[in-house]
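Visitor: Protein chains in written order, with this note's numbering: chain P, 3 to 41; chain W, 405 to 943.
Hints listed in this document are in silico derivations from the structure and should not be mistaken for laboratory results. A virtual CB, placed ideally from N, CA and C, is assigned to each residue, including glycine. Watch out, some of these pointers could steer you wrong.
What the hints assert, rightly or not - So the derived label-pair ranges between C-beta atoms look like this:
hint : chain 1 : residue 1 : chain 2 : residue 2 : range
1    : W       : Pro473    : P       : Arg15     : 22 to 32 Å
2    : P       : Arg15     : W       : Pro421    : 20 to 30 Å
3    : P       : Gly34     : W       : Ala461    : 43 to 53 Å
Said to hold, decoys possible - Example chain P residues on the side facing chain W (calculated, C-beta under 8 Å, incomplete):
hint : residue
4    : Ala12
5    : Arg14
6    : Thr21
7    : Val22
8    : Ile23
9    : Leu25
10   : Leu27
11   : Leu37
12   : Leu41
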Amino acid sequence: MEGQPGFDPATRRAGVRRTVIILILVIAVILGLFLSQFL
Amino acid sequence: MAHASTQGHHDAHHEAPSGFFRRWFMSTNHKDIGTLYLIFAGLMFFIGGAMAMVIRAELFEPGMQLVQPYFFNELTTMHALVMIFGAIMPAFVGLANWMIPLMIGAPDMALPRMNNMSFWLLPFAFTILLSSFFLPGGAPAGGWTMYPPLSIQGGDGIAFLIFFVHLSGISSIMGAINIIATILNMRAPGMDLLKMPIFVWTWLITAFLLIAVMPVLAGGVTMLLTDKYFGTSFFNAAGGGDPVLFQHVFWFFGHPEVYIMILPAFGIISEVIPTFSRKPLFGYKAMVYATASIAFLSFIVWAHHMFTTGLPLGAELFFMYATMLIAVPTGVKVFNWVTTMWGGSLTFETPMLFAVAFVILFTIGGFSGIMLALVPADFQYQDTYFVVAHFHYVLVTGAAFGIMAGVYFWLPKWSGHMYSERWGKIHFWLSVISVNVLFFPMHFLGLAGMPRRIPDYNVAFADFNMISSIGGFVFGASQLIMVGNIIYTVFFAKRKASDRVWEGAKGLEWTVPSPAPHHTFSVPPVIDDSLLAHGDVSH
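The following block holds chain P by itself, in its conformation from the complex (with noise of 0.2 Å):
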């Protein structure tokens, strides 16, 4: 069926976006949390 609620384009877009940011912010503390025990 087309057009269900909550099947937007643009709420998908912007979820994968926030979605890879969160992930990528959780990579850079992961990173920063090992660095900071050798640096």
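Use these hints to put chain W onto chain P, whose structure you have.
Guide: For chain W alone, coordinates are given in the frame of chain P:
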């Protein structure tokens, strides 16, 4: 399902791009990229397998037969790297690419262009790794674990290995980001998290593991690189460093990596067993929570790989008990699979045979894991063939059998044709018998004290080694049957697969035509709870 036919009609308007280069090198289609991953994994499986054949040929009898000792060490190191990073992991990513969008009703992965890059990094990474065989100092020979100081005392192969780890790590992280972004944002309306197939759940959790540990491995190997080439002493005791530090860093990556290689297999088995039992999966939510528990515990058990390095007693006790705790959620899974089969209308097509073998043989690997978790016992088992037997039961009869079950299970959906059930069964029985002939005697060799990673051994170990090698040759040769069966299915088979393929199959992926059209779910599907295999639905 009502939407299936309209779906097929709708998708028929969007064919694959014409032109070999455009379709396969520039693809952003999850199915084509999934196929590329699977072909690549198959190729690596046979390259790593060829190395294993040479290893088993050398160990066929005591004494030096075929290869020089240093080359033998190169082979054991490269066999592990190729099988782990080249065969098992890409095979699971390939299955994820193919099946996750189909299972959640998404038109594609969330980041299709990054998907292409994730894959195409791998051929370059492995060209770099495999080319190290031709360096003056040869390929890396210090074991896949790269422990210093041994690993940096050889030639420049280690630099190639480190660059390879960086490239394949970037590929894995991008793949993991893509999978998480897809699952969290691209599900069809109505496909709640607790309605997702278990395969999707296990991959979601695996992707988080990848993101958490791959940067740590990248950091660790970079420190190794600077120790060898730039005068640092992170792991050099003479310069104030600590070689054991590397082991901590490596296994903080390495143990979750073990679960990265097995959780998606758990997911596949959780799809296959309900289908051929014609029953919903027993304990769906328990399976999800058990997967999450295993993932959490995988972060607090790394030092069980290091019991003989002189850890404080308190640390050894902690890591021993934490490791044994993993048996609880793993037991939940095994009992749930058995309970799913209990009272079901069972049939034993090839995927189900591999799934049942998985449950039994993976459990044997789990039992030897519990033995290895015991600190006093581990002091005896450390670095013996008992460890080799343990992790091959987990990774071959576990991860690889899971992949084979998945390939036979989904191949009709991918290709539109049924594989040869007779040859599938021949492949299974040859594999399951030979794999036990190959790996079971290694338990006895280890308990008798045969060390791992040696090209020659005491004559006392001769008989079991010969048996093991014969099993290895048969197992290696029987994998060619699978390749033949896949080629036959894709190019020559006459018998068409129906959309649902298997009588007991449930879930969105079985509502699209077989073969799955190039584009699916461009229009989001209607989620009909009664047709989902698992989840928070009434059956």
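Visitor: Which of the stated hints cannot be reconciled with the structure, identified by number in ascending sequence?
Guide: 1, 4, 8, 10, 12
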